[in-house]
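Q: What follows is each chain in one-letter form.
2 protein chains.
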Amino acid sequence: MRFLSLLAASALFFAAPALAEETLREQARAQFGAIPLVPPALPYAEASPERLTLGQKLFFDPRLSENQDMSCSTCHNIGMGGVDGRATGHGGQLGGRKVETVLNAAFNASQYWDGRASDLADQVQRSVMVFPAATLRTQGGPIMVTPTQVAATKQHVVDRLKGIPGYVAAFKAAFPAEPEPVTYDNIAKSIAVFEATLITPGAPFDRWLGGDDSAMTEDARQGLALFIGKGCAGCHSGVNFGGAGYAKFGAVQSPGADLLPTDDAGRFTITHVVQDKFVFKIPGLRNVELTAPYFHSDRVADLRQAIAVMGETQLGQKLSTEEIVKIEAFLTALTGKQPEVVLPILPPRSAR
Amino acid sequence: MRFLSLLAASALFFAAPALAEETLREQARAQFGAIPLVPPALPYAEASPERLTLGQKLFFDPRLSENQDMSCSTCHNIGMGGVDGRATGHGGQLGGRKVETVLNAAFNASQYWDGRASDLADQVQRSVMVFPAATLRTQGGPIMVTPTQVAATKQHVVDRLKGIPGYVAAFKAAFPAEPEPVTYDNIAKSIAVFEATLITPGAPFDRWLGGDDSAMTEDARQGLALFIGKGCAGCHSGVNFGGAGYAKFGAVQSPGADLLPTDDAGRFTITHVVQDKFVFKIPGLRNVELTAPYFHSDRVADLRQAIAVMGETQLGQKLSTEEIVKIEAFLTALTGKQPEVVLPILPPRSAR
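Going down the list, the sequences are from chains Z and R.
For reference, each letter of the first sequence is one residue, going 1208 to 1559 in my numbering.
For reference, each letter of the second sequence is one residue, going 1208 to 1559 in my numbering.
Treat the hints as calculated values from the structure; they're not laboratory data.
Please note that the accuracy of each hint is not assured.
Heads up, the list lumps identical chains together, so a pair's fine if it works in one copy or across two of them.
To be verified - Mimicking DSSO-like on lysine-lysine, the simulated pairs with C-alpha atoms at most 30 angstroms apart in a straight line are:
#, residue 1, residue 2
1, K1379, K1544
2, K1379, K1369
3, K1544, K1369
Hey, can you work out the whole structure from these sequences and the hints?
A: Okay, structure coming up:
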């Protein structure tokens, strides 16, 4: 009997952490989710191999910008976590917002820091590249461009692509039912189809969520428990750990004008609703260790510092160094397998 | 007997073009050469898998420029024939020279239009990217940069890479015998090793040269005969159909200030020898259909027009439309298999 009860006790002793792990996993499954292994279908842009091939070429083609000096990949660098790693206000120019990552962007409910685009195709439509790279970068998109300029630029790009026989054939193959397939709408749809493939499955967290206990370190697991327990997951939830809603930067305590420049009122500039002043999209945290510097204002290079700032401004809590280190360990477990993309060979323009 | 002599006559009848083809092939073998299937060894930069991997990352990394806004691939776009397809004098800024292709550049005897760099590693050393992209582009390299600025920029780049743990490890693996391997010299060597892999074998001409009669069209074969017969091959010879020597642009007849702006004296700016005024490197013609616009001055978008200009300015001959079309057919037979490069995932910087 004594032997049996000892057995039972030791079983309990070993079962307790296992039970805690299962509880944490169930909580995590309810609040987050793993990146799927295959690209998601986009209701606004039906995929086909031809559209994917076309979208991949367009994504890398600098001829899509007015000055032919930048492509989507200039700012959304797939090799750098889907961003450009640069701080705003570069070269003495102020203003602008941090580039958002293109990786897993298909899982976001809206695009841009102010949520002004509903989906990826809409984002392409709005990211019309009128200025030379350096200028556009500080505008955070075509904010300063008049509708006439936008229309003219789109027409220039469409006309330019129409002069490239390889593209004319590629658009015909991608949109076979359309008599005039080279349109800005179809540019946007094709790029969206390609961008939807830029997902990063297989992160340690995802493997742990799938049942692989050894995929996350003990620090990362404790960091996850803190991430949920402290309230971070209140905003940063879903497959992307964010990307689905909006929050005021400084919900509890203002981060100050350095991190929250007063000349950028965030979502208010789109909705003109007073409650939206300094409200921004909650960014996704997948691959966050690769996407420094942080916040829409780009001012924080250190992930630990960013965690501390979030604790204070959004939750009104001063996190301890130990807590910050563990949450960081968890956040780095959100880094998935980066997309393997073959650089496309772009069709040459024809002189005739 | 009559039957036999008829056979002999018809054999002669069919043998004549075959003989002509063999003669042309022998001439071509003597004057040109096929792109090898494997990258050439560089005497100044020994290759290893680790150096190749490192060089590939560096080639695509915008953090190699002072402003972190351009990489080697910004101007030397592997998907666009190794160039950027842009004309100089863009955005109202004058001056500058056309980007030279990185494809098959390892086979050139010198680099830059004025030949100022002896090899690929030297070219990387001299292409220090100090300015924002738009400015650098019009400078045609660091001509306007003082030696002090160059040294400071190189040191910035080296210091930046030293702050990226993934690069420190990659340099150690690539240069295992060196205690401090993160140097600008090693950056240049690694990029040169990668660039040497950017070759385009398998062009129709190369396959024809190897004995495949059907690889080139009849027009292209006649174009090749014209290319040799008219004298083009006098300068455009060797594996790269150029890249080995220098010539005055306007050897026989000046192309005029539009194609030969008087403020760019070419090789004279390097040698200060009067005979080198308006002398430029003879560009290679591999993949020339992909690298428009043409000439160092970038002013001619049409390959046929470029052929006509060359005939007049270098050979003093007005080529007929038929001759031009055939030479163009031959030149497009120099387009090889473009390099298939997987976009490298770049190591993230560390905040600590």
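Q: Now tell me if each hint is right for this structure.
A: These are the hints, each one checked on the structure:
Within a single copy, K1379 and K1544 get their C-alpha atoms only as close as 33 angstroms, which misses the 30 angstroms cut-off; across copies the closest is 24 angstroms, which meets it. In this homomeric assembly, K1379 and K1369 come within 30 angstroms of each other (Cα to Cα) only inside a single copy, at 11 angstroms, whereas the closest approach across copies is 48 angstroms. When the C-alpha separation of K1544 and K1369 is checked against a cutoff of 30 angstroms, the pair qualifies only between copies, where the shortest distance is 25 angstroms, while the shortest distance within a copy is 36 angstroms.
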